[in-house]
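Q: Residue numbers (the working numbering), protein chains in the order written: chain A, 1 to 455; chain B, 1 to 455.
In short, the hints are calculated from the structure, not lab data.
Treat the hints with care, since some could be wrong.
Intra- or inter-copy, both count: the list cannot distinguish identical chains.
What the hints assert, rightly or not - Only pairs whose alpha carbons sit at most 30 Å apart, straight line, appear in this in silico DSS-like list of lysine-lysine:
{"#": "1", "residue 1": "Lys402", "residue 2": "Lys387"}
{"#": "2", "residue 1": "Lys210", "residue 2": "Lys402"}
{"#": "3", "residue 1": "Lys210", "residue 2": "Lys356"}
{"#": "4", "residue 1": "Lys436", "residue 2": "Lys64"}
{"#": "5", "residue 1": "Lys387", "residue 2": "Lys120"}
{"#": "6", "residue 1": "Lys356", "residue 2": "Lys120"}
{"#": "7", "residue 1": "Lys357", "residue 2": "Lys64"}
Residue strings, one per chain:
Protein chains: 2
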Amino acid sequence: MTRNLDWSELKTILDDRRVSTGESVLHLHSHDESFHAPVLPDVVVWPHTTEEVSRLIRWAGQSKVPVIGWGAGTSLEGNPIPVQGGMVIDFNEMNHIIDVHPEDFQVDVQAGVIYKDLNKALARDGLFFPPDPGAAATIGGMIGNNASGIRSVRYGATKDYVMRLVVVLPSGDVIHVGNRARKSSSGYNLPALFTGSEGTLGLITEATLKLVGLPVNFMAVRATFPTILNATTTVYQIMRAGLAPSAMEFLDANVMHVLNADRGLSLDESPTLLMEFSGYSEQGLIEEMNFVEEICQQSSALSLDRGIGADQRARLWEIRHQTYESINRYHTGLSPLIMDVAVPLSRYSEMVEFSKKEVHDLTAYLFGHAGDGNIHVLVMDDTQDKKRWTRVEESSRNIVMKALEFEGTCTGEHGIGIGKNCFMETEHGESLALMKRLKALLDPDNLFNPGKFFL
Amino acid sequence: MTRNLDWSELKTILDDRRVSTGESVLHLHSHDESFHAPVLPDVVVWPHTTEEVSRLIRWAGQSKVPVIGWGAGTSLEGNPIPVQGGMVIDFNEMNHIIDVHPEDFQVDVQAGVIYKDLNKALARDGLFFPPDPGAAATIGGMIGNNASGIRSVRYGATKDYVMRLVVVLPSGDVIHVGNRARKSSSGYNLPALFTGSEGTLGLITEATLKLVGLPVNFMAVRATFPTILNATTTVYQIMRAGLAPSAMEFLDANVMHVLNADRGLSLDESPTLLMEFSGYSEQGLIEEMNFVEEICQQSSALSLDRGIGADQRARLWEIRHQTYESINRYHTGLSPLIMDVAVPLSRYSEMVEFSKKEVHDLTAYLFGHAGDGNIHVLVMDDTQDKKRWTRVEESSRNIVMKALEFEGTCTGEHGIGIGKNCFMETEHGESLALMKRLKALLDPDNLFNPGKFFL
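Could you put the whole structure together from the sequences, leaning on the hints where they help?
A: Here you go:
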């Protein structure tokens, strides 16, 4: 969608270098890591301050230009694709850690900080920001998407860490929401309204995040099982027992096969659980591990690798984090459709079994944050082959419908974007109308990440 | 405010017994536990179903009658006082535990369930709902207020436990928000919008709550200190060390004196910390306690009562929970103004010191959920003595202003009601305008708990 606008007007707001309509720049901001078709924006800008963001947004409002926030482009549902063109506001030059408050377990950051960089910087104070989606996501993108990942089973999602935000509204007005107290009952919970709104209600420029102390001791376990059901039942038993793993990941045999092939490993190619436990007391940890081992054995575990040290543990998570990339590399030329349903834990085994059957005729990989009831089904296929891709999308729809039947959600952590907006009505029913009214209230011209969230 | 309406019309919606304009009933629903002046509603109704609530609300909308939700009347900021009269919807006959999902650590309840009753029922499954404000509050009231209490230092506030709500909007429409998965990135976070909205945006009739497994082991400690500063520094040191108490309460010497007098105890009348630690491993707990003891000794603790057993622990919390009532009883004839600021932990000692100085000329008690940076200053005085009461209110204002200067909040857990709406603008600045627009969007006739929240 080409607009006949004088983009050079933007250079009255930002210096030349920070406004681009160059083709390669537009291409870089036309897609995320999903199969969804790229769409070029009209212009990309790199602000440095909230004030600049506000001025850019006022300009866009006057010119009726769509505004799309951009973090690292690592999302998986087409969330930042500028489907109606417009102005992409890239936050990569707003990447400063403004202030660490180690004494309060808090940090103030600009939206463009990469969470892995943040955690490196925080380690010197013995602190960390737990949500851990794997990719090199920015804090702004994580807040926009309410990202979670492998640590959320213990520590919760991004929404649980947002204390205070600076938000630029579609009007260009700048508001500060939240405060730095550990708790508050003051006013409507505006930080929660913006978190997970995928840039449709405003753009987040700064955030104060809650932090957690790095655990003193941890222990990682890899357990393999003869069947998927044995593995998923184990997840349920461990969580049911009130144990609190800091990670609890499921990977099916297909995933293990690709990881071996892609990373030159020789891991058992059986349904696998990767678990991590952490705590203050080593003795306490050992007691927990004994209990975990007992549960695994009752579920007919084939093998159990326990007490993995720091290095091997880091490598294990690195491998887990590379799952998506490894599978994509293994099937060069094919496109990924990744599902992301989450269900109550009691339904997890059924959900995984149903999914496995649903994709039996496809090139499919099952893995996910099992302790949260979150399963990813990754199907690799050819988007150009209409018949096959229709079948891929049908499997996705059936899996989502089953998750909703189980009182779950169509997306545990990847968000709605353009991949899941077709399920919003089924999932939210009459409350979707309220979401639309909130959107119309804040963004009456529908300029903020238009074409997302709502059909 | 008397209305010339035919309240008997309501008897076409509910049977006779569940509609009352009787004087004693109106009186019971005219006040909470604060000093704020009572105001009589026009009518009180007791629905049994969401459908009945919806019909009542549609009737009120057509007749332009204010609607006020009523739980147990235990709030402390005048939150449910029907300051413009109208219809009080009392949820006490919607008090069923609908379904326990022990396998998912979840429960579905009607809004009128008392949380203490809920926890009694859940104990048989080894589960509990952690927010613990002390009074006999209902779940609906706790959600409306985002209540917290002594366990929130470890487990968070009510907002952290709300998974799904049934809400009747001011239009009378019924919406279901949220789902039963442990995590979700689907749509705007509507459960969070209604939680803490104090009945100004809609009424909650049912909720699905997240639960926590009852800890296997716990240990309680009572430590006394020569000065307040020694006590508050200890709080900071313990939290800073990354220890995770399941309660961390501060009580000043005045409070200990009243508790002794009112409850026939003989506790040290010095600044006191009550702490509880809990966990899976007894050995792990002992290690934690050794560390806590060390920190207390470094802060010149006068005494340290450790390893208190289950009975004495229960009694200790019972005493703590009675603090408000004990102090009120001790000063019969005087009225309570209770402050509820919360600040970042690093500012807690300063905040408490400032507060102590601010109320030096008043009959004042300091206590609070120290681990959360939450301090209650309870002043007992005569509301009829204009000069004195003006001084009481001035101290409250000064304490709130200091908390806001420290990047805290005017209310950690009691909510806004009519006691704190004068601070909304200072605390929220430009984001208050957005709150007002949200209110106008959902409740254009301003019938839901009018006169609250906003000035």
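Q: Work down the list of hints and note, for each, if the structure agrees.
A: Verification of the supplied hints:
no. : hint              : verdict
1   : Lys402 <-> Lys387 : within (23 Å within a copy, 66 Å between copies)
2   : Lys210 <-> Lys402 : between (35 Å within a copy, 22 Å between copies)
3   : Lys210 <-> Lys356 : between (38 Å within a copy, 29 Å between copies)
4   : Lys436 <-> Lys64  : both (20 Å within a copy, 26 Å between copies)
5   : Lys387 <-> Lys120 : neither (46 Å within a copy, 57 Å between copies)
6   : Lys356 <-> Lys120 : neither (38 Å within a copy, 41 Å between copies)
7   : Lys357 <-> Lys64  : neither (47 Å within a copy, 55 Å between copies)
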